[in-house]
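A.B. asks: Protein chains in written order, with my numbering: chain Z, 1 to 349; chain E, 1001 to 1111; chain S, 2001 to 2663; chain C, 3001 to 3174.
Because the hints were derived from the structure by calculation, they are not lab data. Beta carbons are placed, not taken as given, at the ideal position from N, Cα and C, and that holds for glycine. It is possible that part of the hints are untrue.
Below 27 Å or equal to it, Euclidean Cα-Cα: the simulated BS3-like pairs (lysine-lysine) are [as the list claims (entries may be wrong)]: (1) C:3170 / Z:147; (2) C:3170 / E:1105; (3) S:2090 / S:2002; (4) Z:68 / C:3170; (5) S:2602 / S:2392.
To spell it out: a stretch of chain C is covered by chain E in this simulated footprint if at least three of its residues, at any positions, have a beta carbon under 8 Å from a beta carbon of chain E; those stretches are [said to hold, decoys possible]: (6) 3011 to 3023; (7) 3033 to 3046; (8) 3058 to 3067; (9) 3096 to 3104; (10) 3135 to 3146.
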Amino acid sequence: MSPALATALEGAAKIAFVWGVVLGAVLPNLIWVERRMAGLIQDRPGPNRVGPFGLLQAIADILKMFMKEDVVPMYADRLLHTIAPLILLVPAMTTFAVIPFGSSIHLFGRDIPLVIADVNIGILYVFALTSIGIYGLVLAGWASNNKFALLGGLRSSAQVISYELAMGIAAIAVFLAAGSLRLPKVVEYQASGTFLGFLPLWNCFPQALGCVIFVVSAFAETNRLPFDLPEAEAELVAGYHTEYSAFRFGMFFMAEYLNLIAASAMMATLYFGGWSLPGLHPTGILGSVISIAVFAAKTGFFIFLFIWVRWTLPRFRFDQLMNLGWKIFLPLALLNLIVTGALVLWGVV
Amino acid sequence: MTGALPGVAPMAVPPGAFLVVATLLFAIGLAGALLKRNALSIFLSIELMLNAVNLLFLTYARMRGDLAGQMIVFFVIAVAAAEAAVGLAIFVALFRTHRTVDVDKIALLKW
Amino acid sequence: MKQLWLIPALPLAGFLLNGLVALVASSMRAEKESGADHPGVPLPYAQRLFHGVVGVGSVGLAAVLSFAALVPYALGSMQVPEGLAPIVQKVYTWMAAGDYTIDVAFRLDTLSALMLSFVTLVGTLIHVYSVGYMQKEEGYGRYFSYLNLFMFAMLTLVLADSLPLLFVGWEGVGLCSYLLIGYYYDKDFAVAAGKKAFIANRVGDFGMVLGIFGVFALFGTADFSFVELAKRQVLAGNAPLGVYAVCLLLFLGACGKSAQGPLYVWLPDAMAGPTPVSALIHAATMVTAGVYLIARCSALFVLAPDALTLVAWIGAGTAIFAATIGLAQNDIKKVLAYSTVSQLGYMFLACGVGAFGAGMFHVFTHSFFKACLFLGSGSVIHAMHHEQDMRKMGGLAGRIPQTFRTMLVATLAIAGIVPLAGFFSKDMILGSAAASGHWVLYLVGLFTAGLTAFYMFRLVSMTFFGAPRGHAEHAHESPATMTVPLWILAAFSVVAGAVGIPAVLGGTDAVSRFLEPSVTHPPIGEMAHGLEIGLMLLSLGVAVTGLAWAWRWYGRAAGPVEAVSPQAHAFYEKTGALGRLVANRWNVDEGIEALVLSPFRKIGTFLWRGFDALFIDGIANASAFLVELLGDLLRFFTTGHVRNYALAFTLGFAALVAYVWMS
Amino acid sequence: MPALSGELVVFGCASFLALAFALLMVVQKTPVRSVLSLIVTFFGLSVLAILLAAPFIAALQIFVYAGAILVLFLFVIMLLNLKEETADKDDRPVQRTLGLLVALALGGLLAGATLRAPVPPRGPLTGPRIPMPDEIPALGRLLFSDYLFAFEVLSLLLLVAAVGALLLSKRRFE
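Pulled out of the complex, with its shape left as it was, chain Z reads as follows (with noise of 0.2 Å):
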């Protein structure tokens, strides 16, 4: 076996285990948490009725958005409209591709790190397609011809483009740790040591201040509450996705959670050791299964957090959202690189 054709196997090995699993099992199941942990929240059952504890839930509504009637309306641009959701699906889909969701493992004789692709500007991909993801939200409330719709597109784009500055000014100062923009040397380098000592080289620490808003923005990049102005029900309908229905809804409803997904795995990465754990050194297989453990348990707490606080906080004002992320985030995290270089520089960290 030619070692090109080994690579092209193992990539679409990966690629196929990543995506199974994030679509396979990680979504259907997250449309049931979602709802039933709403309904514990809001002290009511939620769905129990579609198999055990509504087990199946997801499967009906998914069948449900296909059989629906895919409404166009009038006077859309119909091209727009119909390439909208997939503009914003497809990068939700290719962000997990930087991520690192294990240690390396060895199979078949070969080494294999556990992320589909290592590139070298790691977390500028990801940022880079989130930017391209923009263009979704915005052309769908374009292409819909309905005001509220454009007004949701256009909210939703400033809102992302607005907290993409403090993220990204609040990951620098990751990397200004790590001393490389890829992922996974980002993960080792939380695995190496210890700050202060006592506690693990997770950025979460060194960085709290960081941390906590690049938390907070990914909240308002997934346009989810307390950040979710784009589809504010109560005065927008429902915002960019006011016009569809059917399958093209499912669509922007697939690439939110898939978004959400990869935040939530996006934090766990830079901010709390990938798929690390103090005093574990995973070695061999079972090794590498164990930090792949370790790394989903991580991302399903992030998980769980964005749903909680979706049912929990109420909705932010849209001026109220605009000062928090120019005038008080984006001061932070300068602040957080700033403090972050000096630590680098003397070395602390």
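Once you have looked at the hints, place chains E, S and C on chain Z.
C.D. replies: Just chains E, S and C now, with coordinates in the frame of chain Z:
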């Protein structure tokens, strides 16, 4: 003329091809800038021209294995950002006063 | 003292401070009320205080510093026969051309020490005096800033170690004199006088500059080390070619600044400025700069004896000429002005006969009593509510006693009455004139002394004695800030001569010995003691005669305003044309107007109308017209369509690329 | 011409995308669509950049250009609500034809010139060699040493631009 330099892998694609693509993009951008009437479209075409030149820089950088070319591109992009911000602001202001961004309709500074 | 540069720097700082504050304040006033200057509206007390403190303080401090510098130096220099070596301190290199550099360097030697002493002293006193004299002026701040600027320039002039730097001070004082003469810029005559002074000085400065170039050409350097070189050549007894020309040029400069020869005309008009200014600039300090320059370059002049003789004759001529004019003036300040010119003439006479020491001595003493006289006259004018015509005064002795006493002292001093300062200096001049064998000059000087005594006492009499005329009844004494300086100056006019008591009177003639190291002079023959004593008595007698005559005519004058003293009037009637001529200042101004100015004006008018307006402007307008024509044609390329421009631009670029490719 | 390799294929697709959508951008009448086509072009360009061993620049291309600048364009277009380019056809045929000709001519000229241009000398490099595979640290080092001044000036420029844009797009100047 493949830039087989120490530290730089030889190029599988002849650099000339890149150059041609770049110049063609430039020409297209130019045509757009000359033919479009919507100020924004003209602006877009100019951005395209900028990027064509960027490609040229990158190609030469690759041919010489010289990082300076990439550096220049970096600066070009940054300056383009500034230029876009101001230019678009100007268009907004223009639209407020003239209700149009058709450059043929905005010909005030004539003899 | 280590920092000589501080001495000029302090007044400069004062100038900046005062000027800034004055500017800001006046602009603020302009905003509050309409128009920046309000004649007769005095400044708020706080601002006046500020200007006064800064103005007087800076100069006073400079004075203290300079005395701290010069007293030890002077004492030390008196110990050793050949005097101490001059202290030269370089501040920084001003300009460097090739290997030749001109430094901003300050020099303290006996000569500059002498100048420094009275310049700072009199300057400070006059600043104090101004506080009282100018307090009602709305231009108070402007006035003090100019005055400080003047002090800066004058001190630079005195302390400079090179002709270029000296020239900076030279021009600086000229500028300040112009500014201060034209201080009442809303009065035409003041403005005109200012311009006159400036232009007259330009004539001199033209010579001055050429002179500096000449010195550079002769000695290859323009700092005062050239004096040493010149001295050596004197000893060697060979005069380099062209030294005559240089001397004459420098002397021209001196004439301009010190109002000698025909260039004196600006000084009387300069009286348009405030009186303290006349005292400081146009009597005590600036106008003596010419003498200082001659003394500085004494070695040079000694190399050119004929030039020196010319100096002497010009000086003597000016002295007697101005004195005669002084006889018939009725404006109190004008009399003093002509007297100043005449006294300056004396100084040049002294230099001319080679007695530079005597000249500088007279500069020294003269500065005190003439300043005192001017300030006194200022006090009188102050008392008379800006009345300057002596015919409208009289009988003020009782009303403003302090002014009277001080002025009387100063008058006696200038008249040359033993043992006041003027006697010794004037006598030294006359004596050296005689000793050097210039008997004619001696007689001229002697006669002038008589005239001086006469017109000075005439001034005193018309002002203070006789029956009060005009508003003289209700005159009031000036405040202490004015009278105290008067007293101090009067005191100095009494004692200042002590430094120059000649040997025959048991003195030590300190001043000459003091200046010996810094000046070079031709050998002056010794006189028999008997002769010397005789000459002294003679000059004293002449002076007394002058006084007596003036007293006889004006002492009890009670005549009407138009003919204050009947005898004088009768005499004047008798002299006829000559008298009228004298009264009319020998028609000098008219003469200059006719011979110099009007031809110049004619030429200028021709050049303006014929050459500039037609030819130059013609060219300009023609070219402008062509451009306009071209523009009219080309403007149609500006279609206002961005795309056209872009297209044209692209075409050009394409052409360029094609050209590059083809070549 | 080397054998048909994967890189070559990628290059072909990318450059085709870029050129095709660039053309589309020009002929497109709806501003929004031209923007979108330009984005695709930029994608192609960034792929080409990766081929040219400049992945960082490629990321910037997407991140800054597609992600920020063009979004700004889109905003303005939506803000001004520019639908179709005004229907009345171009009333200056001269400009149109001449423009087209000049553009083509210049394009040809430039293409010829660039191809004819001598290979840039292998002489002393102005910057360091492109390190493979990770050029980013080198870029950073360069940026903060040799190009520091330019970098600072640039930051200033961006600041000024931001202020200027704000001032211009304010409703009133007061």
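A.B. asks: For each hint, tell me whether it holds in the structure or not.
C.D. replies: Status of the hints after comparison with the structure:
no., hint, in the structure
1, C:3170 / Z:147, "23 Å, holds"
2, C:3170 / E:1105, "23 Å, holds"
3, S:2090 / S:2002, "11 Å, holds"
4, Z:68 / C:3170, "46 Å, violated"
5, S:2602 / S:2392, "41 Å, violated"
6, 3011 to 3023, "holds (count 6)"
7, 3033 to 3046, "holds (count 6)"
8, 3058 to 3067, "holds (count 4)"
9, 3096 to 3104, "holds (count 6)"
10, 3135 to 3146, "holds (count 5)"
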